[in-house]
Amino acid sequence: MKKLRIKFAKYGAMKFIGHLDMMRFFQKAVRRAGINIAYSGGFSPHQIMSFASPLGVGLTSKGEYLDISINTEEPDIEEIFAKLSEQMVEGIEIIAVSELSENAANAMASVAAAGYTVIFNEKKLSLGSENIDWVGQFKSFLQSKTIIYTKCTKKVTREIYLRPLIYEAVVNAENKGIYLLIDASSANSIKPQFVIEAFFDYIGQHLPDFSLDICREEVYANAGTAEDVCFVPLGS
Amino acid sequence: MRKLALRDEILLRVDKPARYIGNEVNSITKNKAEIAIRHAMCFPDVYEIGMSHLGIQILYGMLNSYEDTWCERVYSPWVDLDKILREENIPLFALESQDPIRDFDFLGFTLQYEMCYTNVLQVLELSGITFKASGRGEDEPIVIGGGPCTYNPEPMADFFDLFYIGEGEARYREVLDCYKENKASGGSRVDFLLKAARIPGIYVPRFYETDYHPDGTIKSMTPMAADIPEKIRKEIVTDFRAAFYPFKPVVPFIKITQDRVVLEIQRGCIRGCRFCQAGQLYRPVRERDVEQLKIYAAEMLKNTGHEEISLSSLSSSDYSHLPELIDFLIDECQEQRTNISLPSLRIDASSLDIMKKVQDVKKSSLTFAPEAGSQRLRDVINKGLTEEAILNGARLAFAGGHSRVKLYFMLGLPSETEEDIAAIGELANKIAAEYYETVPKAKRNGKVQIGVSTSFFIPKAFTAFQWAPQATRDEFLDKAYLARKGISAQLNQKSIKYSWHETDISVLECVMARGDRRLSASIMAAYKNGALFDAWSEHYHYHTWLTSFTETNIDLDFYTTRKREDDEIFPWDFIDCGVSKEYLLREWKKAQAETTTPHCRVSCQGCGAAQYKAGVCL
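For the record, the sequence lines run as chains W and P.
To convert, count from 1 in the first sequence and add 7; that's this note's numbering.
To convert, count from 1 in the second sequence and add 422; that's this note's numbering.
Think of the hints as simulated: they come from the structure by calculation, not from any bench.
Among the hints, erroneous ones may be present.
Unchecked claim - Lysine-lysine pairs mimicking BS3-like chemistry, simulated, CA-CA at most 30 angstroms apart: (1) P:907 <-> P:919; (2) P:828 <-> P:907; (3) W:17 <-> P:454; (4) W:161 <-> P:670; (5) W:69 <-> P:907; (6) P:919 <-> P:617; (7) P:852 <-> P:778; (8) P:716 <-> P:677; (9) W:161 <-> W:35; (10) W:162 <-> W:183; (11) W:90 <-> P:670; (12) P:677 <-> W:161; (13) P:828 <-> W:69; (14) W:35 <-> P:438.
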């Protein structure tokens, strides 16, 4: 049995397909491609396939990952890449297939951080015209000691201390976008929207619904230590 | 990249945006510039239901196999999007191109159940198409209807340019050719309809006029144009070996009702259950070639990647090559971990054997459809199933490890008495007792679970019971109460769970099933009064319909509980479904005499289907 890691991009109309349906899509695609995927044992066998990190509906991505196990000792990576690519639809593109070492941690456990580009949708938001120095504002926002985001779900309201979970934030005034490298580990994962909402709170503005176009650029593992992080793309 | 008809914001606001974006695996996109005919095919219900329908997949594949035609799909937008489309004036669009339906040449609807009629009007309105066919302009799509409900198309007559009576594979190409020729020669919409009305199987309602007797029954139905038939005979596939089959069905992103490969093994049914409309409409039974089915199954699994394959037919057990096909599927599927599901099996030794091979006994529940509790009533409806056969099947099943059984019955069948209803509980009790006798205590896994479910009988066109009055709403409630009481009185009542269908929907379905064209006005009124998604109980409002019938001067009892004379002209009598009215009347008389009729393979009853020289009739 061999483990493979597949990297793919998701864009266009496919951003409306949720995580569970993406899993179903790949399960069927693997079958159509005739890839000799391994199945779990037990009562209802299922494909051994795991996704690195679910992507929310409405987001695009240039760096999604999933791992599969196959019953082939010497897999032809190029052939698998070609066969799988053939089974994609517009908006899903296989970027790379690579073989993992036997003792490699699975995709989901490896995830430490993710990079996003957040673009403000001009039709909804006109930051430039409101005479707000939002580039400067964002810088001072990042210098705050604590950034608290209040997450409300149906059942609970929870306060998240965002600042330590933001590893990098680069403001690009030109296209009114922000690059965010934030925590995506299973323990502390946050969404880029949290940061933007907290920023809007900070400048005393209301963030209108559906005003952000978000693209996940890459998902990273931590090759360093907890104290001294060193993020490397999951695919490397 | 394709541009979607809906803005991101709208797609993020509605439930399951994947319903509206198209782009599924095996969906077909063509170059508009190279296309002569643009056809939209609609199942007027929500995406997950419509996408589960095999008929649409067949027609979609077939129409797209024509180089000059591009067939796209459209479904009823769910109520959330419906509201947004109206508020923002966004025209309804087809999934593949995302282009407005209004720009298409054809809009086809499959009418699978009566309760989708208001959804047809929704799709028309959201597309910006004139409701009444006779008022449509030259540039509006030709609205065409097909499917089982079109065997009595009259309630929907106002809204359709034409109905296709029969199976789509047979004559669709001729309709398209007729359209192309008419367009090329500069003919008008009416010119096309006149020509189409001469194609076998095509019914153009506007060219027929109905006269009524003073009592409201039909006096005559007359063709009003030259050279169009008085009777429209259904068109069917007589040789499946040459017919189209959808090798590459569309694979949806979201989970749909029928999330698997569907393999149609045969069309029609040899059994003549007197309440069953499908059993008459699809006569004669025609089996598909088993070698061909093996190829189809393997190809479809390969092309879809589905994890399950299901055999489809009205009565799978009657397919003569079933064991051979199953053995092939088991071999084919084992390696790929594909599940096989087998609906509509009669429970007996051989089918239990098959089920044991293909599915996990512990998980699956068994289904019996005795339809009536007593042998007397089962004879009346010609359900060729004896109590002995049911108990035998149950015993074998219990011995094989099954412990869950579902039983389906109908209430309100013609001639039903209180004893017949009481027999439902008695039968369920005997089955439960069979379990406790067959399975020793040590091997039992708790109680046996018997689910009894009753629906209310709806007399349908082209059945022996088309003459039968439907029970009233109050009678239905009394009957359900009696059935419950009968079950509660049983020794094993704790092992039996009873549930029943709603009465109101059954009444409306009955009106539509035997209605005439005067009902078009009522359906329009109901839609205007807010009726939509009537097949969904949470969206069905009986009072909306009652008000609408009153507004349009329709007396429900005339359609439901009225007793019909043997020689009454029915609204659907101008359609020839292959089975003669004389045969149906014979069956109606035999039902009253409690006499059964053997099935097609035992002896031919001269129903009329032999005229097609196909299938079992050969």
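A quick look at each hint next to the structure:
Restraint check: the Cα-Cα separation between residue 907 (chain P) and residue 919 (chain P) comes to about 12 angstroms, which is no more than 30 angstroms; the hinted pair holds. Taken as a hint, the residue 828 (chain P) and residue 907 (chain P) pair is honoured in the structure, with Cα atoms around 19 angstroms apart against an allowance of 30 angstroms. This hinted pair checks out: residue 17 (chain W) and residue 454 (chain P) have alpha carbons roughly 27 angstroms apart, not beyond 30 angstroms. For the hint linking residue 161 (chain W) to residue 670 (chain P), the alpha-carbon distance of about 42 angstroms lies beyond 30 angstroms, and the restraint is violated.
The straight-line distance between the Cα atoms of residue 69 (chain W) and residue 907 (chain P) is roughly 63 angstroms, outside the 30 angstroms bound, and the hint therefore fails. Distance check on the hinted pair: residue 919 (chain P) and residue 617 (chain P) sit about 56 angstroms apart at the alpha-carbon level, beyond 30 angstroms; violated. With a C-alpha separation of about 24 angstroms, the suggested pair residue 852 (chain P) and residue 778 (chain P) falls inside the 30 angstroms cut-off, and the hint holds. For the proposed pair residue 716 (chain P) and residue 677 (chain P), the alpha carbon gap of about 26 angstroms is at most 30 angstroms, so the pair holds.
For the hint pairing residue 161 (chain W) with residue 35 (chain W), the CA-to-CA distance comes to about 33 angstroms; that exceeds 30 angstroms, so the pair is violated. At most 30 angstroms may separate the alpha-carbon atoms for a hinted pair to count; residue 162 (chain W) and residue 183 (chain W) exceed this at roughly 35 angstroms. A distance of roughly 18 angstroms separates the Cα atoms of residue 90 (chain W) and residue 670 (chain P); the hinted pair therefore holds under the 30 angstroms criterion. With a C-alpha separation of about 25 angstroms, the suggested pair residue 677 (chain P) and residue 161 (chain W) falls inside the 30 angstroms cut-off, and the hint holds.
With a CA separation close to 50 angstroms, the supplied pair residue 828 (chain P) and residue 69 (chain W) exceeds the 30 angstroms bound. Restraint check for residue 35 (chain W) and residue 438 (chain P): the C-alpha separation of about 20 angstroms stays at or below 30 angstroms, so the hint holds.
The structure fails to meet hints 4, 5, 6, 9, 10, 13 from the earlier list, while all remaining hints are met.
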